[in-house]
Amino acid sequence: MSSQPNGRNKETQMRNDISYRPQAVCTAVTGSMTSAMTAQRALGKIALRAKVVKVGIGSKSKGCIYGVEFDCAAYASVRSALASAGVDVKEYLR
Amino acid sequence: MLQNIVYFDNAATTFPKPQSVLNAAYECMSEYCGNAGRGSHPIAMMSAEKVFEARESVADFFGSTPENVVFTLNTTYALNMAIKGVMSNGGHMLISNMEHNSVLRPAARMARDNVLRYDIFKAYDKTKPLSTKEIITNIISKLRKDTKMLTCIHSSNICSYSLPIREIGEFCRRHGILFCVDAAQSAGHLPINMEKDCIDILCLPAHKGLYSPQGCGIMIMRKGLQKLATLTEGGNGVNSLELSMGNESPERYEGGTLCTPAIAGLVSGIEFIRSFGLHTIGGHERKLWRQTYDRLSSIKDLTIYDDTEGSVLLFNVNGIPADDVGELLSDRGFCLRTGYHCSPLAHKALGTADGGAVRIGFGIFNTEKEVDSLCLAIRDIVRQYRV
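For the protein sequence lines, the chains are A and B, in the order given. With the working numbering applied, the first sequence corresponds to residues 751 to 844, in that order. With the working numbering applied, the second sequence corresponds to residues 93 to 479, in that order.
Excised from the complex, chain A in its bound form (with noise of 0.2 Å):
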């Protein structure tokens, strides 16, 4: 058996879209990393944009945490989603 699949990978896609700016930006504060891309994931799947970001001032961290920005415009959803995937969230920053 020699055969295999050849070739590169697909190009390394970077889901979290950096250019992506909010008109309003809301932050579900989530933790860590692998948190916040849960978070965007999941809102993903119902068609609502987020960016995983590294939160700073505002939240109530002790050092660094992550989570995810959106439009405020979609915060009922954004929350009713995230509650729904299980995502533990810390907080919400608007």
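Keep in mind that the hints were calculated from the coordinates and are not lab data. Glycine included, each C-beta is placed from N, C-alpha and C at the ideal position.
Calculated pairs, DMTMM-like style, for lysine to aspartate or glutamate (alpha carbon to alpha carbon, straight line, at most 25 Å):
| id | chain 1 | residue 1 | chain 2 | residue 2 |
| --- | --- | --- | --- | --- |
| 1 | A | LYS795 | B | GLU363 |
| 2 | B | LYS440 | B | ASP416 |
| 3 | A | LYS804 | B | GLU334 |
| 4 | A | LYS840 | B | GLU145 |
| 5 | B | LYS214 | B | ASP446 |
| 6 | A | LYS810 | B | GLU334 |
| 7 | A | LYS804 | B | GLU123 |
| 8 | B | LYS319 | A | GLU841 |
| 9 | B | LYS225 | B | ASP211 |
| 10 | A | LYS810 | B | GLU325 |
| 11 | B | LYS461 | B | ASP423 |
| 12 | B | LYS392 | B | ASP464 |
| 13 | A | LYS804 | B | GLU325 |
| 14 | A | LYS840 | B | GLU148 |
Incomplete in silico selection of chain A near chain B, CB under 7 Å:
| id | residue |
| --- | --- |
| 15 | VAL803 |
| 16 | LYS804 |
| 17 | LYS812 |
| 18 | CYS814 |
Once you've looked at the hints, dock chain B against the given chain A.
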């Protein structure tokens, strides 16, 4: 690359690696190798994306969720993390008589330090095949009121024998015992589903049956498992002003920088395995095993231990030390591993504790032609050197 080398040490680490795995590791190193989870600039984020993609892929392949996939250095590290994470407060643990030192030594060390007590149950008997019922009976005979955890291999690293993990898992679940499986030799060879097999913690390597780079092991926890004590503390990118590792999995368990190039390779390694399917891979290995068994079993003065078909075959040439056979085969260009394979318990169970044995580890890239040439070389060694 060395010429005229035939590699049969796939149970130690698979080689060669698929081109797609090499490409993925190279692409990571050359294009986006930032520090995953340590910032939000584009290069760090690309690394983080790849690491998360790997967690998703591993979780999907073994039946868990991304936040329960913990990356470690190797399987030994993952097993230490699991055993010490569960048993650091004491109690009793069961292990099988086929365990690798990656389970036996942590257990022995913790017992020496009076942290835990452990017992060994018979999962293999060289004189007769054990039924699942007999193995469960052997487990029951070693149970104590404070038995907290059962840790065992899925497949042996010195022969192709596998334990009935689903039945053991169901037994453990019924009795409230945490079930930890060492899948170092079965991941990528045999189907494993943590939910169906009732596995609480699964430990495995990227670099063996998943055909990925060395430098990445994996500890997968079942959904909802209580938090384990941490084995290492350090930077994990979260809440840096706090003195603890926090409660969030997997970062709670991942102190220090991850080996992102190996993890990138792992994504492609799992794709590679999926492209063939476990059934095809297992079938290929069993075909080579049967071919080898048929050739070698006709040689007088040669002993094959255990006749379970699979990815590993163990033998000795009677009267020639295993290490010498390995050297003679190495001189002829064959890469195999001899000795005790870090598994003194298993060698004792198979009856090879005195001197060890020679291990042939088949992989997906091995061919029938290579098996033929290996068997001819072994036959030649027996003819030339057997007194």
